[in-house]
Amino acid sequence: MFDSLETSATALMAQRVRMDTIAGNVANINVTRDENGQISPYRRRFVVFATGADRGSSKPGVHVHKIELDSSPFRKVFDPGNPDAASDGYVSYPNVDMAIEQVNMLEASRAYEANVTMMETTKAMINATLRLIA
Amino acid sequence: MFIERLLNQGNAPVIEASVRFAAARHRLLAENIANVDTPGYVQRDLSTAKFQAALSDRVERREQSASYDSVDFDDLDSAVENPMSGALFHDRNNRSMEQLMSDNAKNALFHNMMIELLRRQFSQIETALKEHVG
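Here the protein sequences line up with chains A and B, keeping their order. Letter by letter, the first sequence follows residues 2 to 135 of my numbering. Letter by letter, the second sequence follows residues -4 to 129 of my numbering.
FYI, nobody ran anything at the bench for these hints, they're computed from the structure. Be careful, since some hints might not be right.
[To be verified] Which bits of chain B does chain A cover? Going by a derived footprint, with three or more residues having C-beta under 8 Å, they are:
1. 24 to 30
2. 91 to 99
3. 109 to 117
[What the hints assert, rightly or not] Result set (SDA-like, lysine to any residue): computed pairs, CA atoms no more than 25 Å apart in a straight line:
4. A:124 <-> B:34
5. A:60 <-> B:117
6. A:67 <-> B:97
[Unchecked claim] Example chain A residues on the side facing chain B (calculated, C-beta under 8 Å, incomplete):
7. 2
8. 8
9. 123
10. 133
Glycine residues also receive a C-beta, built at the ideal position from the N, C-alpha and C atoms.
Let the sequences and hints guide you as you build the complete structure.
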């Protein structure tokens, strides 16, 4: 019964990493330069889940298999006066779509809640079993 | 011997097997909910109907046999199966949060009911013993 708690905990961790990634995407929605100040728009990141408590683990659960870069094209805005504009006058902005991030965020938080509910149920069941002794 | 007889004669072994089944099913449900966003994950479950059929079969066999301990309930096991193999999402995961949550609630209630029955039985035995000694 206690391993059910661990299974749910791995899911909480995975969903939290997903939430962190979404927060990173939203925070960088208008970033046109990299950490060295070079013109290079931020690329949207997304998590890929895989089953199993950890990489190569046979224990039940879920883990973040990898964090991938979204290869879709950047958002182009015509702004010739912008210092980050290319020679054709277009500025490349990150390929982050606020609507997609919002939906992902809701999905992550609902999945998180579902796992918390599962943990509550597990706890209630363990408590009931422990009452057998008392 | 006396205690063993007391514990094995009634429906305590039947209840025990039910509790074990509910705990095993809970483990799978926790895993299913943890993997609700994992691409390619196929939901796994234990069939309550099959378990109950096997259980009632054992109970019948025990009733027909001469001694109470000739039929064992310990090895009663159910095969893991995939309940809704047809309904798949684009990521080849056949999740259904509503189904999972209702299964979870039903399973937890079943588990707690069985525990309560077992507890009553134990306290009944305790009462009987007290009367005997006192």
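Okay, the hints, checked on the actual structure:
Against chain A, the stretch 24 to 30 of chain B contributes 6 residues with a C-beta closer than 8 Å to a partner C-beta. That satisfies the three-residue criterion, and the hint holds. Judged by the Cβ-Cβ criterion of 8 Å, the stretch 91 to 99 of chain B is covered by chain A as claimed, because 4 of its residues qualify and three suffice. Interface restraint, the stretch 109 to 117 of chain B with chain A: holds (5 residues with C-beta to C-beta distance below 8 Å; minimum three). Annotation: proposed proximity of residue 124 (chain A) to residue 34 (chain B) is violated, straight-line Cα distance about 28 Å (limit 25 Å).
Restraint check for residue 60 (chain A) and residue 117 (chain B): the C-alpha separation of about 35 Å exceeds 25 Å, so the hint is violated. The hinted pair formed by residue 67 (chain A) and residue 97 (chain B) fails the criterion: a straight-line CA distance of about 32 Å is larger than 25 Å. For residue 2 (chain A), the interface hint holds, since its Cβ comes within 8 Å of a Cβ in chain B; the closest pair sits about 6 Å apart. For the restraint placing residue 8 (chain A) at the interface with chain B, the shortest Cβ-Cβ distance is roughly 4 Å, inside the 8 Å limit, so the hint holds.
This hint holds: residue 123 (chain A) has a C-beta 7 Å from the nearest C-beta of chain B, less than the 8 Å allowed. Because the closest C-beta pair between residue 133 (chain A) and chain B is about 6 Å apart, less than 8 Å, the hint holds.
Hints 4, 5, 6, counting from the list given before, are not met by this structure.
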